[in-house]
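When we follow the numbering used here, the leftmost residue of the sequence shown carries the number 1, and every step to the right adds one.
A hint or two may mislead.
[Claimed, not checked] Below, computed lysine-lysine pairings styled on DSS-like, alpha-carbon distance capped at 27 Å:
| id | residue 1 | residue 2 |
| --- | --- | --- |
| 1 | K656 | K365 |
| 2 | K846 | K836 |
| 3 | K435 | K273 |
[Stated by the list, open to error] Now the in silico label distances, taken between C-beta atoms and shown as ranges:
| id | residue 1 | residue 2 | range |
| --- | --- | --- | --- |
| 4 | A859 | P382 | 14 to 20 Å |
| 5 | V27 | A801 | 33 to 39 Å |
| 6 | H104 | P660 | 40 to 46 Å |
Just so you know, these hints were derived from the structure itself, not from any lab.
Quick caveat, the model's predicted, so the values are computed rather than measured.
Here a beta-carbon is modelled for each residue, glycine too, at the ideal position from N, C-alpha and C.
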Amino acid sequence: MHLCLRRLGALLLLPLLSPSPYAAESVDPLRLTREVVPVAQSVELTLDPAKDDYAGRVLVDLHANQPFKSFRLHAQDLVLGTATLANNDGDSVPLTAEVTNAKHGLVTLTAPRELGAGQYRLTIDYTARYTRDGLGLYKTVSRGDPYLFTQLQDTHARRAFPCWDEPSFKIPWQLTLTVPAGLEAVTNAAVAYETRDGDWKTIHFGRTPPMQSYIVALAVGPFEYVPVPGLSVPGRIITPKGQSALAAEAAKVAAPILARLEEYFGIPYPYAKLDQIAVPEYVYGAMENAGLITWVDRGLLLDSAKAPFTTRRWLATTTAHEMAHMWYGNLVTMAWWDDLWLNESTADWIAGRIVEHQYPEFRVKISESRGVKSAMRTDALPSVTAIRRKVTAETDLAQLADVLTYNKGKGILDMVENWIGPEQFRAAMRTYFLKHRWGNTVANDLWDAFSATSGDDITGMLASFIEQPGVPLVSVALEADGQLRLTQRRFNNLGDPQLPGQWRIPVILNWSRHGEIHRERILFTESTQLVRIPGLAEADWIYPNSDESGYYRWSLSPELNARLARQAALLAPIERVGLLDNVSALFSAGLIDGNDYLAYVTAFARDLDPDVNAVVSGSVAGLDNTFINDASREAYHAYRRAILRPILDRLGFQPKPDEPASHGPLRVTLYGALGYTGADPAIVAECRRLAALCLANPAQVDPTLRGTALSITAYHGDAAYLAALQALFEKPQTPAFRSSLIGALGSFHEPALAREALAWSLTPAMNSTEFLRVVNRVGGDPDLRELAVAWVMEHWDAIAAKAPPEYTAELINVAASAEPPLFNQLKAFLLDPARKTEFSEVNITKASERLALRLRLRAKEQANIVKYLETFAGQTAKD
Numbered sequence: 001m002h003l004c005l006r007r008l009g010a011l012l013l014l015p016l017l018s019p020s021p022y023a024a025e026s027v028d029p030l031r032l033t034r035e036v037v038p039v040a041q042s043v044e045l046t047l048d049p050a051k052d053d054y055a056g057r058v059l060v061d062l063h064a065n066q067p068f069k070s071f072r073l074h075a076q077d078l079v080l081g082t083a084t085l086a087n088n089d090g091d092s093v094p095l096t097a098e099v100t101n102a103k104h105g106l107v108t109l110t111a112p113r114e115l116g117a118g119q120y121r122l123t124i125d126y127t128a129r130y131t132r133d134g135l136g137l138y139k140t141v142s143r144g145d146p147y148l149f150t151q152l153q154d155t156h157a158r159r160a161f162p163c164w165d166e167p168s169f170k171i172p173w174q175l176t177l178t179v180p181a182g183l184e185a186v187t188n189a190a191v192a193y194e195t196r197d198g199d200w201k202t203i204h205f206g207r208t209p210p211m212q213s214y215i216v217a218l219a220v221g222p223f224e225y226v227p228v229p230g231l232s233v234p235g236r237i238i239t240p241k242g243q244s245a246l247a248a249e250a251a252k253v254a255a256p257i258l259a260r261l262e263e264y265f266g267i268p269y270p271y272a273k274l275d276q277i278a279v280p281e282y283v284y285g286a287m288e289n290a291g292l293i294t295w296v297d298r299g300l301l302l303d304s305a306k307a308p309f310t311t312r313r314w315l316a317t318t319t320a321h322e323m324a325h326m327w328y329g330n331l332v333t334m335a336w337w338d339d340l341w342l343n344e345s346t347a348d349w350i351a352g353r354i355v356e357h358q359y360p361e362f363r364v365k366i367s368e369s370r371g372v373k374s375a376m377r378t379d380a381l382p383s384v385t386a387i388r389r390k391v392t393a394e395t396d397l398a399q400l401a402d403v404l405t406y407n408k409g410k411g412i413l414d415m416v417e418n419w420i421g422p423e424q425f426r427a428a429m430r431t432y433f434l435k436h437r438w439g440n441t442v443a444n445d446l447w448d449a450f451s452a453t454s455g456d457d458i459t460g461m462l463a464s465f466i467e468q469p470g471v472p473l474v475s476v477a478l479e480a481d482g483q484l485r486l487t488q489r490r491f492n493n494l495g496d497p498q499l500p501g502q503w504r505i506p507v508i509l510n511w512s513r514h515g516e517i518h519r520e521r522i523l524f525t526e527s528t529q530l531v532r533i534p535g536l537a538e539a540d541w542i543y544p545n546s547d548e549s550g551y552y553r554w555s556l557s558p559e560l561n562a563r564l565a566r567q568a569a570l571l572a573p574i575e576r577v578g579l580l581d582n583v584s585a586l587f588s589a590g591l592i593d594g595n596d597y598l599a600y601v602t603a604f605a606r607d608l609d610p611d612v613n614a615v616v617s618g619s620v621a622g623l624d625n626t627f628i629n630d631a632s633r634e635a636y637h638a639y640r641r642a643i644l645r646p647i648l649d650r651l652g653f654q655p656k657p658d659e660p661a662s663h664g665p666l667r668v669t670l671y672g673a674l675g676y677t678g679a680d681p682a683i684v685a686e687c688r689r690l691a692a693l694c695l696a697n698p699a700q701v702d703p704t705l706r707g708t709a710l711s712i713t714a715y716h717g718d719a720a721y722l723a724a725l726q727a728l729f730e731k732p733q734t735p736a737f738r739s740s741l742i743g744a745l746g747s748f749h750e751p752a753l754a755r756e757a758l759a760w761s762l763t764p765a766m767n768s769t770e771f772l773r774v775v776n777r778v779g780g781d782p783d784l785r786e787l788a789v790a791w792v793m794e795h796w797d798a799i800a801a802k803a804p805p806e807y808t809a810e811l812i813n814v815a816a817s818a819e820p821p822l823f824n825q826l827k828a829f830l831l832d833p834a835r836k837t838e839f840s841e842v843n844i845t846k847a848s849e850r851l852a853l854r855l856r857l858r859a860k861e862q863a864n865i866v867k868y869l870e871t872f873a874g875q876t877a878k879d
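Using the sequences provided together with the hints, build the complete structure.
Below you can see the structure in the form of structure tokens.
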């Protein structure tokens, strides 16, 4: 929301210039209809962050497509005052407002008589309270100063001002904000002019291009500004008071990323400015508001150029993601929420490409591939739905922003690009944006562009991945006559039902013969398909997912698997990471046993690549909760030390001046794997040393190790250390260090200290988006899960009053790794009708399926796993 108004006549031209193809009346009774539609909207607000409520007025230019007496719009939890409707001649009539659906914020405005088709101006005065849950127009207090921010996606604009709160209503917006004279205010548009009246000032902002309501944004508070040089438009990093010194890295990456996006799309950045603002209390990571990207503060504001590798990578990829949305999502917008997955996955896919080219040291391609594999694990669950699912106005939209929305969609786009080629892919994207800019689209509009550009039936190919759930399993074998036999079915985990599925799979495989590597493309469309490839029968090895570009699992016949195992070191790092993940998936499916699985993990412990090492560490850690009991714990610890400690010794306990940046997160992973329950004496001692330095002056400790050192020390810590962390937390800290302290506060292993940390998390010391991190950390400790579950149940009312609903819907995760009695206790509690939501029920169903899989794997493989560990115990990795 942002902007001020212009002459009615000019505004009324807009719907005629760009008629919407979605103007037909919706059959969804909770959707807005098109008899009366907005053309442009002005929002005038009087805002004082020191107060708890505000007053506003909206002026909306309307076009009535037919005679009418009433029409609907959205206004939720707002106190509506007078509402009038005026025509071009200045004649006005009063409107009566009736809330026709409070849950969804539907309001019907009714005139005293029928009015004719034509142009009108709607004026509504209203008042409202600032929300405190991080959604809508909300208030937060940081370092003693009150601020106002907005988060309007997905359907929270209606909580800030009356509007047509659906993505297909794209109109110009203009905001006018009256605020205390000593404060700053920002919106999507730049300031047009400003007037003063005593202790208040009124800021008139410019008029935006057509935008949907959910990307309107504003902020009010004592902000500081850091200019961003080198952008094609004016831009700033905006910080809360006293934090502008932390904006240098964000300012540094913005210009080169924007330039690469403009080059990729072939269309200049479409808005007049590009500000990015740090928000101290924020539900999400970042939001693509046009011209004013909002960020969780710890993501945008870094302690120094020596910030952790993962933090700097997240800053770069999220900057690229949100900026990419300026084209995909804002310039061209989904017609309805059923294509949210494409909106997010496209931005994420493009962000990966941009950052990989601009900052190759971040190894984004590998991390993105690991994200896609994470989506495959979720996509293997029986309850998942198709990525493009039916969405109504009643759907709890929070559930749509899941790992499938981002990462499955990204994997599908990666598959398309690898199939048709990068240049044709980009040409199709450019054609699509030129054709649909400032409009709304559906997914098929993009698929049609890919098909037209490439000459392939991309629409048909993608339908099988988008319109049905699940992951295909491609099995590969050689026939006696040398032909390659491919078979496909839907991948399922051990004991899950074999569900149907048939895909058009673009398989790209690598194979080697006499040291020469070949690449083959196969469009795999049948249940079984034979392919003759000259020389393949004599291949040294075959790898069925070249560059990890395909969204499928795969298995090799025993003969081909043996060939690959002997030569796996020749694969590219991204493929070695993918191979380990695929082996883990086959183990979860019951297609290989525990001996073979751990043989792979152990062999790859000798790999020198940090991402491969990280997967090995994760695989070793994953054994604990499923297979290890008191009798086998000593053998497990011995195996873990033998596998992981040599990797840490090779890296060194402290960063080296010339080491690759990617070594940092691996070192942190290994500290955690060996320092918590492993209690490696050298690591615990080093963490205590670093923690003592941190408590005195955080700048004395490498930022990469601060959080881990504080948390491992807390795990082994006492009451004095807890008090020291609390005292430090209550002082002004950088956002990143504050986050590290929260992690440490949730890491105490002593039950009494964990209870104290949980109680403290409910005090005003922690805000609504921070405090549940503590109970989630406590629930991650096997010895404290019962305590964590009891705390959630005992303090539900306080938790629900403080936390955003998106956060409480995920509280089943506190018991996600628990045994059935405790899990079912929390499950029953959360499924009570008084607490259950659509989103929480989806999360509980998935968690239940993961627990069932864990139990089935334990029953089948625990003896094999334990035997391997006991046989291995005491050896070193090189043995």
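So, going through the hints one by one against the coordinates:
1. Using a Cα cut-off of 27 Å, the hinted pair K656 and K365 holds, with the two alpha carbons roughly 25 Å apart.
2. Straight-line distance between C-alpha atoms of K846 and K836 comes to about 15 Å, which keeps the hinted pair within the 27 Å bound.
3. A distance of roughly 24 Å separates the Cα atoms of K435 and K273; the hinted pair therefore holds under the 27 Å criterion.
4. One distance hint, 14 to 20 Å for the beta-carbon pair A859 and P382, holds here, with the actual separation near 18 Å.
5. About 37 Å separates the C-beta atoms of V27 and A801, a value consistent with the hinted range of 33 to 39 Å.
6. In this structure, H104 and P660 break the distance hint of 40 to 46 Å, their C-beta atoms being roughly 51 Å apart.
Checked against the numbered hints given earlier, the structure breaks only hint 6 and satisfies all the rest.
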